[in-house]
Amino acid sequence: MKKVDVVKKILHANEKYALDNVLFLAEHKKLCFNMISSPGSGKTTILTRTINDLKGKISIGVIEGDIQTEIDAERIRRTKAPVVQINTDGACHLSAAQVSEALKKLPVKELDLIIVENVGNLVCPSDFDLGENGKIVVLSVAEGDDKPIKYPGIFAKSKAMLINKIDLLEGGLVDFDIERAKTDARRLNKDMEIFPISARTGEGMNEWCQWLLRSVENV
Amino acid sequence: MHETMVAQSLLEAISDEAAKLNAKPVSAKISCGMLSAVNDEILRFAFEAIAEETPCEGMKLQIEHKPLRAKCKSCSRDFDVDLSRPSCSECEGKDFELLPDAPLLLEEIEFETDERYEES
Chain A
5 MKKVDVVKKI LHANEKYALD NVLFLAEHKK LCFNMISSPG SGKTTILTRT INDLKGKISI
65 GVIEGDIQTE IDAERIRRTK APVVQINTDG ACHLSAAQVS EALKKLPVKE LDLIIVENVG
125 NLVCPSDFDL GENGKIVVLS VAEGDDKPIK YPGIFAKSKA MLINKIDLLE GGLVDFDIER
185 AKTDARRLNK DMEIFPISAR TGEGMNEWCQ WLLRSVENV
Chain B
283 MHETMVAQSL LEAISDEAAK LNAKPVSAKI SCGMLSAVND EILRFAFEAI AEETPCEGMK
343 LQIEHKPLRA KCKSCSRDFD VDLSRPSCSE CEGKDFELLP DAPLLLEEIE FETDERYEES
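Residue numbers (the numbering used here), protein chains in the order written: chain A, 5 to 223; chain B, 283 to 402.
Rather than coming from a laboratory, the hints here were simulated on the basis of the structure.
Note that this is a predicted model, so its numbers are computed, not measured.
Be aware that one or more of the hints could be misleading.
Each pair of labels, with its calculated beta carbon distance range [claimed, not checked]:
no. : chain 1 : residue 1 : chain 2 : residue 2 : range
1   : A       : Gly206    : B       : Glu294    : 41 to 51 Å
2   : B       : Lys353    : A       : Lys7      : 27 to 37 Å
3   : A       : Ile75     : B       : Glu339    : 37 to 47 Å
4   : A       : Ile75     : B       : Ser366    : 30 to 40 Å
5   : A       : Leu172    : B       : Glu389    : 38 to 48 Å
6   : A       : Gly206    : B       : Glu390    : 51 to 61 Å
7   : B       : Thr395    : A       : Thr49     : 58 to 68 Å
Built from N, CA and C at the ideal position, the CB exists for glycine as well.
The task is simple: from the sequences and hints, build the whole structure.
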């Protein structure tokens, strides 16, 4: 038997494309966020509301990742924002190569911010760097306040967390301790920005949008 | 389920090395951090499935999970983080900074050697 030391990053193929995307975004001076959550947390509703709230201030382009269908891209299209849909045909996350292709299809020069809506999944997408400037994790109150501690990977790696559907907290429709979710998430990630929002009623959206505007200005 | 993609990348990396050495790989050591979502059993199963009828067929995978380290703000010590109860293992402090998680690495491959070649 012969042992050979290799020491090679296993996902180097993905990382090569991720680096291409980093260089592409830097060259065009564009900001790109990778939005990750469980299915049904409200990512697309957050995006349509954010695009509409920031109309006239910044232009946002969207890359939609789903296993099947154009449903989400259609919803974004109604806001008139440019969108590219990627169907992964069963794969549980987007890869940097897919995003690289999608970036070529967006009118990048006309945009200030590109948001990638990853496939709904709190686990797998966190391991695949897309070359983004930051990950945004979305947690809706109906999922429970224990998610940061149960799925630490994505909460430790995200730049910001949106706690969505806070309108459900009124009237005690769901039991969700916002302070617990915040404390647990910050234990993993002390610098994380946290925005409790309701994309449905608009509550908290202003703080989130202001943060996006500041982030765009600082590119 | 993304283990299939990890397995695919792993197969490609091992196949490249095997082609360079013109030798049959028998086992490989890989390592990952605690924040990598890699399940050993699923990765082994995925690798076994895609390695069929390739030079990597029948290979054994040894998977090491490296602990996640953090630096405590209260006592300044570095410690292994227990993600289910994140606090300093020395002083129970809850204010700490996570250190970078270990990347997903292929560290070592073991190849079959040709006995006749070794004797000569």
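Verification of the hints:
no.: 1; hint: Gly206(A) / Glu294(B): 41 to 51 Å; result: 48 Å, holds
no.: 2; hint: Lys353(B) / Lys7(A): 27 to 37 Å; result: 34 Å, holds
no.: 3; hint: Ile75(A) / Glu339(B): 37 to 47 Å; result: 41 Å, holds
no.: 4; hint: Ile75(A) / Ser366(B): 30 to 40 Å; result: 37 Å, holds
no.: 5; hint: Leu172(A) / Glu389(B): 38 to 48 Å; result: 47 Å, holds
no.: 6; hint: Gly206(A) / Glu390(B): 51 to 61 Å; result: 55 Å, holds
no.: 7; hint: Thr395(B) / Thr49(A): 58 to 68 Å; result: 60 Å, holds
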